[in-house]
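Enquirer: Okay, here's what each chain looks like letter by letter:
Number of protein chains: 4
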Amino acid sequence: MVIVMKQEASPADIDHVVEVIERLGYRAHLIRGVERTVVAAVGDERGKARLESLRALAGVEGVVPILKPYKLVGRELKRERTEIDVDGVIIGGREIQVIAGPCSVESREQIIEIAEIVKRGGAKFLRGGAYKPRTSPYSFQGLEEKGLEMLAEARDRTGLKVVTEVMDGHNVERVAQYADIIQVGARNMQNFALLKTLGKLRKPVLLKRGMMSTVEEFLMSAEYILAEGNYKVILCERGIRTFETSTRSTLDLNAIPVIQKLSHLPVIVDPSHGTGRWDLVLPMAKASVAAGADGLMIEIHPHPEEAFSDGYQSLVPKRYFSLMTEIKPLVAAMGRTLG
Amino acid sequence: MVIVMKQEASPADIDHVVEVIERLGYRAHLIRGVERTVVAAVGDERGKARLESLRALAGVEGVVPILKPYKLVGRELKRERTEIDVDGVIIGGREIQVIAGPCSVESREQIIEIAEIVKRGGAKFLRGGAYKPRTSPYSFQGLEEKGLEMLAEARDRTGLKVVTEVMDGHNVERVAQYADIIQVGARNMQNFALLKTLGKLRKPVLLKRGMMSTVEEFLMSAEYILAEGNYKVILCERGIRTFETSTRSTLDLNAIPVIQKLSHLPVIVDPSHGTGRWDLVLPMAKASVAAGADGLMIEIHPHPEEAFSDGYQSLVPKRYFSLMTEIKPLVAAMGRTLG
Amino acid sequence: MVIVMKQEASPADIDHVVEVIERLGYRAHLIRGVERTVVAAVGDERGKARLESLRALAGVEGVVPILKPYKLVGRELKRERTEIDVDGVIIGGREIQVIAGPCSVESREQIIEIAEIVKRGGAKFLRGGAYKPRTSPYSFQGLEEKGLEMLAEARDRTGLKVVTEVMDGHNVERVAQYADIIQVGARNMQNFALLKTLGKLRKPVLLKRGMMSTVEEFLMSAEYILAEGNYKVILCERGIRTFETSTRSTLDLNAIPVIQKLSHLPVIVDPSHGTGRWDLVLPMAKASVAAGADGLMIEIHPHPEEAFSDGYQSLVPKRYFSLMTEIKPLVAAMGRTLG
Amino acid sequence: MVIVMKQEASPADIDHVVEVIERLGYRAHLIRGVERTVVAAVGDERGKARLESLRALAGVEGVVPILKPYKLVGRELKRERTEIDVDGVIIGGREIQVIAGPCSVESREQIIEIAEIVKRGGAKFLRGGAYKPRTSPYSFQGLEEKGLEMLAEARDRTGLKVVTEVMDGHNVERVAQYADIIQVGARNMQNFALLKTLGKLRKPVLLKRGMMSTVEEFLMSAEYILAEGNYKVILCERGIRTFETSTRSTLDLNAIPVIQKLSHLPVIVDPSHGTGRWDLVLPMAKASVAAGADGLMIEIHPHPEEAFSDGYQSLVPKRYFSLMTEIKPLVAAMGRTLG
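Residue numbers (numbering that gives the first Met the number 0), protein chains in the order written: chain A, 0 to 338; chain B, 0 to 338; chain C, 0 to 338; chain D, 0 to 338.
Rather than coming from a laboratory, the hints here were simulated on the basis of the structure. As the structure is a prediction and not an experimental result, all values here were calculated from the model. Check before you lean on any hint, since a few could be wrong.
As the list makes no split between identical chains, a pair holds if one copy fits it or if it spans any two.
Unchecked claim - Listed next, the in silico DSBU-like pairs over lysine-lysine satisfying Cα-Cα at most 35 Å (straight line):
# : residue 1 : residue 2
1 : K327      : K118
2 : K5        : K317
3 : K145      : K202
4 : K70       : K118
Turn these sequences into a full structure, and let the hints guide you.
Expert: Below is the structure:
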């Protein structure tokens, strides 16, 4: 932590800062510059949000943290990349995994029909929401436990692994019973109570980046899960909110290599939410692979115009099959294989 | 809902759109323009997120909603402004209310000392977090139930009303037992499970705007609470996330008159979070009053440099007293009184 | 400037950084922390963008500037606030000034009619664009020199001072001939060639903040003008671009006290552009005054529905008169007078 | 254009809207809904910004444009993609072009050394700034005409085509004399006077997207150039400004397929500015190719730590050579060749 003093700070102000730093257990180190003095606080500054409060001291202009705020998700502690074994299928290895399926489970017939399409296309994971976070209380809220049962039936028939969202702490156990990977949606990325509960499981968690979250906050939310002992976290970039209106979100592919440099966790991309338009899913799926993503999450629906939610960003089956074919040369060009 | 057809849409595409609209229970109305055709779907489009999926139909360029997506929070259903009676003190009336206190309850002594300061300054509400949403799992997470008990003791001693945050569905009952107003933090604004639970209470809820939520989404989150039967919702603008870095958030005061035109609910402002700097709290408190806010939420701390959280944005007691004095002429200029 | 080394930086990496720093004319100062080493470069870092390039050296994790990048606009060099004398009327003094008028000069009759309204309402400055920056090449582009002549005639008749925009370096002289204050629009805030040209004049310049410019960049653009010798710069907050869509821009009133702490230059607010809606202009004009603004810039038009541009955000005369009346108690509550 | 009336609009309000629409030369078409009335204005709405002002009429809630605001850059007028012939090298064809070089021309030796590196790596275009838009007036501002002469010499020696920036209308002729492609920087994207001047040339223009500009505004700026008769416009995505701070900009690759669906103009990507970090340039160059870009613009510098500007985002020669090798399989996987 570096504390920058104001130009007009008095010697007494500086002494006081030094005293407070040392009281908090750090060594203080003074650097007298041409125009102002800087005080370096040497010691482990992680978890020391309290140092931030030094900005409130007289004569202090700013406080600049030096260390990254996370430990367990960081590369400094664990250099090799994490591979997550989902019942025999690896996420984060050489194989790129595809998770496909509808936004919502709408009926038994729908999810079984789609599961068979997903399998036929070659993906190994089925997505489908049984609990749906919807902006409007008047929108379809999901089939809840019945939806989970339908997903389980679809898994039994196809052998696909199931990825489904949990929205609330008190449903975690129930969802964990049915899901192979538990998804945390973008709106819950900073639902810290939920993250702690998931940290106590030993099931893989797919954590979606919040629409408003920096990469650092994203990694801190993953840290919440690891800090409780669950190391099986898959990160998912799904677009951030910006001023641009031609797409529903701005897919931040910069985040893929940024995260890979900072963290050992696998990272996948959801180009369906990241664009909000089915006609952009293919090019952005390709771009995601080329940026180094470990997987893709794709919404598909046989009748998008009848979908209960997110119809416009869902691929019809034939386009999903095309996508699975068209990304192959790119996957190969990246030296990887398609899961 | 207006469906805009592509220039190259075929007559069959248009017929199909009309057919689907009518199947969904709307009347279709064709407008043939110079360059393209537009189809208006006449009927109540609220809760009809499914119409959005029409964008997936062949020949459709876009879908433009016409009605506002909310009902109960809107001015169209209830013209007069809502006044919320918190055990005899009104929020949303002529009196502007101030909610003051520390970010976190840190100890029995701290909260009682501050409560007495708050009371002395003239505010009628005490804030203080017992459950704290923190970006880092290594930061102070709050005193939990013990903190609630300390708040209750502070209320007993001072007569102040208590405002405190709930972070998770399973704590709602406990928090409701101690709080006069239950706060939902910005990160939980779209924790829909929590909103539904709060909708079943009959306690006032202070709903903070999410850092990256539009006014429309903010109102939709309030709608979740009203839709369950709890009409006592106070909205709180607390700054949005933008590219600007000189302040922690960008306080969106435009939102005050915007919300007042759209909704009958009272709206207050939190200039402490909305700026992140104690030295901006006074001017932005004044600006909030002048923009028409029904109240202010202010962080204070007798020793900001020792605060467990948010020290830099907290006012020391003497500055809180100055603020209470200095805003008075502005409150009067607005034809209101200070609560 | 503080250079943070990576945890794995070798002693040779550190030596090399020190060597480069000293070659660039700074003293290097090493601080060895628990987990990493930090190198402070002591010396005047302003104008030394080249130090930024040190991030490219082996072993360097980041470079953190310590000093503000501006000099002339800053408070450190000039503590007292700048008052700008526009031919006898002061901007930045105790008197709050109002600049009112149409977005565009549309005809001789229009500008003279409006000038008389402006004067009747009590404002001392007339705005009106003769050169219009328009997103579309097919939109009205302004009456150009004819518009300037009409403005001059309006001034002669009313005694109002004229504020009008220059869009291009080669028109600066012509605009300077007619204007009392030359306006630089938001889209030209970083047209550095234009700023340099204006810096060579001795006329007041009203510099609007770019829609996506930080306060620091805004001040740096002002610095361009001062650095050429023209100290008469008035800053104008006019809203920034965010994700919010209920208003055209998000008026960043935080910026008013932020700028006042950093700079001695006067700062005014344009609530017409900052909201994009006439029905929000009054509350945000009040909020601007309460936040400490030195002036207001307001669009008015007698027939907004026939305006060539920005009709929706223009006040009709009677609302302009109301505004001038209704802000008075707030101006007084701030201890100021209305110009 | 669709005009949405307020629920409480009176019949007289509606009649007045119809009358104004017809006076402006459109046919009005009424649709009476369950809760409100909508008026469609049928006619060519492009260039009719004046219709926007209808929002100011009594009883009007909103105005929704239906047509795209551009003509010449749009796909509706010209379906086939535009190929731009730069003296024998095509941009926008099957061949992907690379433009490489330093941020600034710093000396004769530097630019010639780099030009030879660029050529050796296989790119056909040399970039290098002689006029530099810098946030600070104290930063290096470019070698100006001398820099142009050095670029010309580098071209003579290597046969590379030269891409260089113009910042100001009065330099257009001079820059045009030396450049094969004239670049307009992000900060000048809405310098409409400059765009009009460039529209009068017959030289290719590389137009960079503004940091704060939507895709629609970007296309409108291109429309300014085409509207003056210059059809040789190359669009360049270079990152937009968002809240994310781990990268200098957020590269918006969604924009590539979005633009390709809306416009026939070629579009390239600048991953150096789009990330601001040399260590992200390779993955984002790959992602850009996979997203469908027609070219790449890459900053290189043999001694980044000594660069006058943008050192941190520049590739050293060996990394540039690697990039040219490593993107080849991706280029091939996209069915294209490397220029």
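Enquirer: Could you place K327 and K118 in one of the four classes (within, between, both, neither) given a Cα distance threshold of 35 Å?
Expert: both (16 Å within a copy, 32 Å between copies)
Enquirer: Evaluate K5 and K317 at a C-alpha cut-off of 35 Å and name the case that applies: within, between, both or neither.
Expert: Answer is between: at 23 Å across copies they meet the 35 Å cutoff, but 64 Å inside does not.
Enquirer: Are the CA atoms of K145 and K202 at most 35 Å apart within a copy, between copies, both, or neither?
Expert: Answer is both; intra-copy 21 Å and inter-copy 32 Å each pass.
Enquirer: Using 35 Å as the alpha carbon limit, work out where K70 and K118 are close: within a copy, between copies, both or neither.
Expert: Close neither inside one copy (38 Å) nor across copies (42 Å); limit 35 Å.
This entry does not satisfy hint 4, going by the numbered hints stated previously; all others are met.
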